[in-house]
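There are 10 protein chains.
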Amino acid sequence: MAEIETFDNPHPNRDYVITHVAPEFTSVCPKTGQPDFGAIEIEYVADKRCAELKSLKLYLQSYRNVGVFYEDVINRILDDLVAALSPRRLTVTGRFTPRGGMHSIIRASYEGSRPQ
Amino acid sequence: MAEIETFDNPHPNRDYVITHVAPEFTSVCPKTGQPDFGAIEIEYVADKRCAELKSLKLYLQSYRNVGVFYEDVINRILDDLVAALSPRRLTVTGRFTPRGGMHSIIRASYEGSRPQ
Amino acid sequence: MAEIETFDNPHPNRDYVITHVAPEFTSVCPKTGQPDFGAIEIEYVADKRCAELKSLKLYLQSYRNVGVFYEDVINRILDDLVAALSPRRLTVTGRFTPRGGMHSIIRASYEGSRPQ
Amino acid sequence: MAEIETFDNPHPNRDYVITHVAPEFTSVCPKTGQPDFGAIEIEYVADKRCAELKSLKLYLQSYRNVGVFYEDVINRILDDLVAALSPRRLTVTGRFTPRGGMHSIIRASYEGSRPQ
Amino acid sequence: MAEIETFDNPHPNRDYVITHVAPEFTSVCPKTGQPDFGAIEIEYVADKRCAELKSLKLYLQSYRNVGVFYEDVINRILDDLVAALSPRRLTVTGRFTPRGGMHSIIRASYEGSRPQ
Amino acid sequence: MAEIETFDNPHPNRDYVITHVAPEFTSVCPKTGQPDFGAIEIEYVADKRCAELKSLKLYLQSYRNVGVFYEDVINRILDDLVAALSPRRLTVTGRFTPRGGMHSIIRASYEGSRPQ
Amino acid sequence: MAEIETFDNPHPNRDYVITHVAPEFTSVCPKTGQPDFGAIEIEYVADKRCAELKSLKLYLQSYRNVGVFYEDVINRILDDLVAALSPRRLTVTGRFTPRGGMHSIIRASYEGSRPQ
Amino acid sequence: MAEIETFDNPHPNRDYVITHVAPEFTSVCPKTGQPDFGAIEIEYVADKRCAELKSLKLYLQSYRNVGVFYEDVINRILDDLVAALSPRRLTVTGRFTPRGGMHSIIRASYEGSRPQ
Amino acid sequence: MAEIETFDNPHPNRDYVITHVAPEFTSVCPKTGQPDFGAIEIEYVADKRCAELKSLKLYLQSYRNVGVFYEDVINRILDDLVAALSPRRLTVTGRFTPRGGMHSIIRASYEGSRPQ
Amino acid sequence: MAEIETFDNPHPNRDYVITHVAPEFTSVCPKTGQPDFGAIEIEYVADKRCAELKSLKLYLQSYRNVGVFYEDVINRILDDLVAALSPRRLTVTGRFTPRGGMHSIIRASYEGSRPQ
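Chains as they are written, first to last, in this note's numbering: chain A, 17 to 132; chain B, 17 to 132; chain C, 17 to 132; chain D, 17 to 132; chain E, 17 to 132; chain F, 17 to 132; chain G, 17 to 132; chain H, 17 to 132; chain I, 17 to 132; chain J, 17 to 132.
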């Protein structure tokens, strides 16, 4: 996976919410080899570091030819973002397009230890 | 009914939410013999096992020629999913199309014992 | 008013939510004699009995030529449903179409004694 | 049926288009005795007379307890409006709500002789 | 297939347009055996006979367990309606739900000989 | 301002919610003399008296040529309704159309003493 | 009525289409004295002069307390704009909010002599 | 590119319209190496052969890692479909997602010689 | 930055919510020099002073040619509004348009000391 | 203004339609000095040259601090694109956001000489 770069949180003394929505996510189904498509939403409260947008885009693009299940990819994105940002809290949501007449939404969250 | 197959939850240490929406559900009204149509939404937190998508589709399709009331079918789907998955929690919602100028929504939930 | 028929709740051991939406409700304004139009939404948790759909439709249709104020009709529907169903809880909402450039929404609820 | 009143076209030298949309139309199915619901749209170019709005509303309301098929009622409204207005041209469209999982749209037009 | 019943066109002297939309159509893919879902829209100008709504619903329902391709079923519905109604003109449109991330629309028309 | 008339609450023993939405509100900006436009939403739980709809419409219309700021008019409507109705609780929301590329929403509430 | 000011068409050698939409139009019903509300859309091809926006706004505002029927006001706006602009062609459309459960759309056009 | 398979047009005596919409198209920008995303719509009148859906999906998927401009890819898809189907007429439309705050739509058509 | 002017809160004895939405915000990306676009929503409970609308518009416009990151600008607007208004509480939300196929939402809040 | 760069039309033997939509256009009102906002849509049939997307974006951005009327800017963009591309035909549409409660749409077209 491409590396998620970060920059200094310009207002670390305040809990505020940052949301990035990437509607052009695509990976590959490990069972059928067919491409999967979905929108990834990342919502977090930064601690010391914020996610740099261009590297975040490249990180998500690096799943393009990777075979991975829905349930797995959302948790892996969550783990990678938590490792890169050490956020106060972070949620990743994937909304995938229909397969077999059925569409799926997966949501996973991380809750850091609160400094208060 | 077709069997609901499962696979190992790839991230069992985390409570995360999985949602599947099947807008092409159809069964038969046991009173009139007429087909019913609706969307079934399944939202759950897996424990050890996740629902395999293709078998879940076939399970829902197996109601196609079954006569069953709205209130009954949602609870039966809930019971079958709980039996197959032993989830931490699970909700089934059915949104049915209008009959006699009136449409219906049925929602039933299961709350497992929390391991914490 | 037409009688609301009922049938045995097929899953009485579980609290689950049943919603019926009837967007074709019409009655008569007792002040002007003009017809009123609206959508009636009924949401309830059944105890021993569920509302039978066809009789519920006929019950709502029986207001067609009755003169009744918005605030009154919603409470009367609530009272009749509570009497027929003895539900665990029940809410009736009426969303009426504009009159004099203004539209109205009326919502009334019943909370039964919880068996827990 | 209630009478459609008219008033003098204030600009008879110009062909311009008048549209009235009545989304609260209701009549009765002659076969089942059940109420039907729909929206009636009337579009016309007036010649000497325009339709007065309040009488038009009362005319449409007078179908409330009349048993009449979709195909028939739209043509009858067209005939009555043509008789009352002698318009240059006039179209009536009915968009009816679903019955048996199917909804219907009926459109009929009158083309008068053009004075040019 | 169930028979399409008809009734006398109540206004045969006028060309007017009748549209019926059935959003609950389902048949079976002859290749995969999986159910297909779609909305069928029928638009026609009647000559001597109109389609009776209940029989039309039952006719469309009779495809429920029939294996048939999209391109074929729309043309067969067109042929059957033309045979039953001898309409002045008639169009059938099928809008099918996504399969393999792709959805399809099929439209076929019949143009009778005009009596003018 | 026109007087807000009231009528007896037909179901005073029950807390139920009445909402009226008037999307055609207009007043005048006291600074520029230009007209302002917005939608006023009134939501309340009646105690002994309900607001009569026609007088409520005339009351809101009486602001038509009055110069008043957004923040002021919502609080004045709230005060007048509380004085007329002595409600158990009441909220007024104004959603105003854009001025200078910016639109505004103002919401004020009254909470009466609860009889329980 | 306020005067409609104009400015030189910056590109008179080309037929191009200018549309202004004013969704905050209000006048008074001459029969009931009640305010009417609607959106006015003006679409034209300028010849030598274009409508200045601020004066157009003030012109439309000057109907605020004028009693005038829908059919009349649209034709009067058309006449005033044609007089002020001598356009190549111009259409005025008014979309009025519901009265008595029915809403109206009025459209009138002017076609100048084409210079080609 | 993957091959587009075909099957016999089941109703070759009639001109009817087949539309397939694939909202999950992705290719690569040849200038930046970044992925492009869009929806491809194919509308055609078949002559002797129809496009088989699964092979059409695989054909569109085979652009996944190909570097190609918007204007080029739509014309290439058009050429390949015309070669495979020899249709009576065919249009390809691509609706691409925003890049640099701007989105693009490309449409190309083929008109065969009509047999009439 | 332009100064945010204020006026006396006309109803300081009541906690009520004021929301202003400015969908035409634009600034410049400090990294690429490209313009950014978004909607700014300001929601607050005034204490002694309210924000004057025209100065608020000019204040937001003064970012037009300023290079600033999303995360920074929302916090700076929050700081400036808190300094100008000393509100009881205030939230600023920025919804920015897509860049690189991804859009962002930033939300920051201030909670003053409550006088109760 | 920035220069509009071009590239060779990859399929010059076919008339096909290219549309670019830029919803983030902003310029300055020459009368008030206030910023204007709108969406610019460019639709054309290329002859020998196509517009390069990045340069087109920069060209439109170069109006950011230019004072220009709606009617003028659309015609100037049309002139510049015709000069750069010598297209077979080209239309520019601007949809501007509300000012004084009124929004505007301006559309201008160029029709080249057809080579056929």
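Derived by calculation from the structure, the hints in this document are not laboratory data. A hint or two may mislead.
For lysine to any residue, the following SDA-like pairs were computed, each having C-alpha atoms within a straight-line distance of at most 25 Å [stated by the list, open to error]:
1. F:73 - G:123
2. G:73 - J:117
3. F:47 - G:84
The following label-pair restraints were derived from C-beta to C-beta distances [said to hold, decoys possible]:
4. H:64 - E:33: 29 to 35 Å
5. A:99 - B:127: 29 to 35 Å
6. J:49 - D:28: 33 to 39 Å
7. H:46 - A:125: 37 to 43 Å
8. G:127 - D:96: 51 to 57 Å
9. A:18 - E:33: 24 to 30 Å
10. D:127 - F:80: 56 to 62 Å
11. H:50 - J:17: 50 to 56 Å
12. G:24 - H:47: 41 to 47 Å
13. H:113 - D:96: 48 to 54 Å
In this text, all values refer to a predicted model and were calculated from it rather than measured experimentally. Every residue, glycine too, gets a C-beta built ideally from N, C-alpha and C.
Handout entry: Index of numbered hints that the structure contradicts, given in increasing order
Key = 1, 3, 6, 8, 9, 10 and 11
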